[in-house]
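Taking the hints into account, I'd like the entire structure generated from these sequences.
Protein sequences appear in the order of chains F and U.
Numbering-wise (the working numbering), the first sequence opens with residue 1 and increments by one.
Numbering-wise (the working numbering), the second sequence opens with residue 244 and increments by one.
Think of the hints as simulated: they come from the structure by calculation, not from any bench.
Here a beta-carbon is modelled for each residue, glycine too, at the ideal position from N, C-alpha and C.
There may be inaccurate statements among the hints.
[To be verified] What follows is a list of derived Cβ distance ranges for each label pair:
1. 25/F - 408/U: 15 to 25 Å
2. 218/F - 426/U: 35 to 45 Å
3. 348/U - 66/F: 17 to 27 Å
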Amino acid sequence: MPHGSDTEIAIRVDDVHLALGDDPPLAVLAGADLVAPAGEVTAIIGPSGCGKSTLLDVIAGLVTPDSGSVVTSSSGRPVLMPQRDALMPWRTLRDNVAAAAELRGTPRSDARALADREVAHVGLAGFGDHYPHALSGGMRQRGALARTLLAESDIWLLDEPFGALDALTRSEMHRVLVAVREQVAPTIVLVTHDIAEAVAIADSVLVASPGPMRIVSRVRVADAGPDAAHEILTSLRAAGVNA
Amino acid sequence: MITAAQVEPVVPAPPAPRRRRVRWGQVAAAVALPLLLVLLWQVSAWIVQPREWILPSPATIASTGWDVRERLWYHAQWTILITIVGFALATVVGCLLAAMIARSRVAGLMLYPWIIVSQTIPLVALAPLLVLWMPDFGAMVTLAALISIFPVIVAGVDGLRSTDPELIRAVRTLGASPGWTWRHVRVPAALPRLFTGLKLAAVFAVTGAVVGELVASDRGLGALTRLSAGQFETPVTFAAVVILALIGIAMFLIVATAEWAALPYSRRGTRPGSN
Ligand SMILES: Nc1ncnc2c1ncn2[C@@H]1O[C@H](COP(=O)(O)OP(=O)(O)OP(=O)(O)O)[C@@H](O)[C@H]1O
Ligand SMILES: [Mg+2]
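In structure tokens:
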């Protein structure tokens with residue numbers, strides 16, 4: 001796995017400030033910095049409501065920050081996978097996944113064929129005709145992952161993608177993600193509440209302060225070794241989080 | 244660190260879809276109550292023997308209805324036509340207004356409060372005016388549309404505003420334009436609620452048509468109830484009311500069937516416990 005400062009940087013967020021709402025505006029990001037090395041998983045962990053999703057919106061280009069800069073190396077746009085309701089209930093699994101190709105201009109029938117391939121890729125072969133409500137939570141997130149794959153972006157923004165799943169399904173999804181990643185090697189920014197998940201999947205973990213958000217420390221999982229989880233917990237506590 | 248060379252497939256494989264059978268038990272349960280009431284009515288009519296022009300028995304209503312079937316059909320055609328055209332008008336205009344209100348803040352502020360306020364006017368009172376202003380048919384259709392448009396607008400606006408922001412966030416990063424998001428996300432997301440409004444509107448449209456006929460027309464089942472009751476042909480009045488109920492039920496079922504066809508994903512019974 002690529003390592004350290006000699007690798008290319010895929011996302012660089014520099015001193016981003018952002019206030020949302022109008023009466024009165026609420027400071028959500030207060031000097032957020034983020035560096036995501038290409039091909040690595042960078043996890044963001046922080047208290048609820050601190051501004052993690054907003055930071056992903058800024059990286060995705062959905063929201064323009066008030067100040068600061070966001071640079072991505074990606075040729076295309078970053079693709080975002082939310083925690084829940086990522087699939088359109090009125091489309092079958094196949095058509096949900098196919099939307100990613102349709103939106104790149106692929107004709108519908110070709111998009112469907114591509115979708116079938118990705119559906120099989122995430123272990124859902126045979127479920128293409130099912131509507132999301134007939135799938136389990138884990139299967140739905142596999143579907144969202146298939147769509148993310150088909151978007152063919154080299155930057156994935158995963159916003160607590162497994163947060164709504166039970167522990168068993170979550171670890172199953174971790175294996176799915178790791179397997180998928182070995183084949184396509186995207187740069188991933190993973191927002192999570194779960195220290196164990198961060199340590200299991202990420203190359204480095206960024207600890208966020210309570211809102212307005214800043215990144216207060218960075219833990220490289222490989223360097224920290226078995227102490228990684230403890231180090232993350234310590235930084236969270238130092239940032240004033242009751243963890 | 245976890246590694247896995249291959250993604251483990253989900254087990255088990257999906258079951259083959261099963262066809263639903265007609266459940267006669269459910270059908271019986273659905274018609275049991277009205278049958279029982281009619282039976283009770285018939286039996287008490289035998290015992291009490293009320294005068295026919297005050298309260299005819301179900302059997303009298305049925306036989307009289309059959310005798311005057313051509314007259315009933317002449318009036319029913321008119322009412323059905325007005326109901327359908329009025330409902331169609333309410334659907335088209337209602338959806339357009341809902342889209343404008345949900346789409347533009349200014350349109351929402353300008354229109355929505357007044358549409359709600361307009362519901363405090365007893366629309367029935369407009370019937371004589373409408374007849375003054377336009378031909379009978381137009382007046383009746385307008386009244387049916389005015390009475391049934393409100394649920395279409397409210398359900399449409401609520402539906403269009405109900406889209407999950409997370410879903411919009413996800414498709415936008417896939418490259419969806421606002422137009423695509425509108426067509427493929429916001430409108431489909433609004434449909435379940437819109438159909439609730441349409442089902443109400445379908446039934447209201449019958450009321451609208453009848454009220455118009457009752458007040459200001461010589462044709463239609465509404466007019467027939469007025470004229471026949473005025474001449475103490477009470478069994479005919481009852482027969483007209485029964486047909487009106489059937490028209491209302493038919494309107495409801497047509498919209499419910501359209502909903503069933505348009506929203507395959509929301510059909511009941513696709514998951515255990517979902518009905
Ligand atoms: N459009 C908006 N207008 C006003 N305030 C907003 C808006 N969007 C988000 N916020 C506020 O910004 C803060 C950060 O929200 P955000 O969703 O980014 O948090 P988060 O870290 O992702 O939380 P969670 O872990 O619960 O998902 C919250 O306090 C929220 O209320
Ligand atoms: Mg969030």
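Evaluated hints:
no.	hint	result
1	25/F - 408/U: 15 to 25 Å	holds, 19 Å
2	218/F - 426/U: 35 to 45 Å	holds, 43 Å
3	348/U - 66/F: 17 to 27 Å	holds, 23 Å
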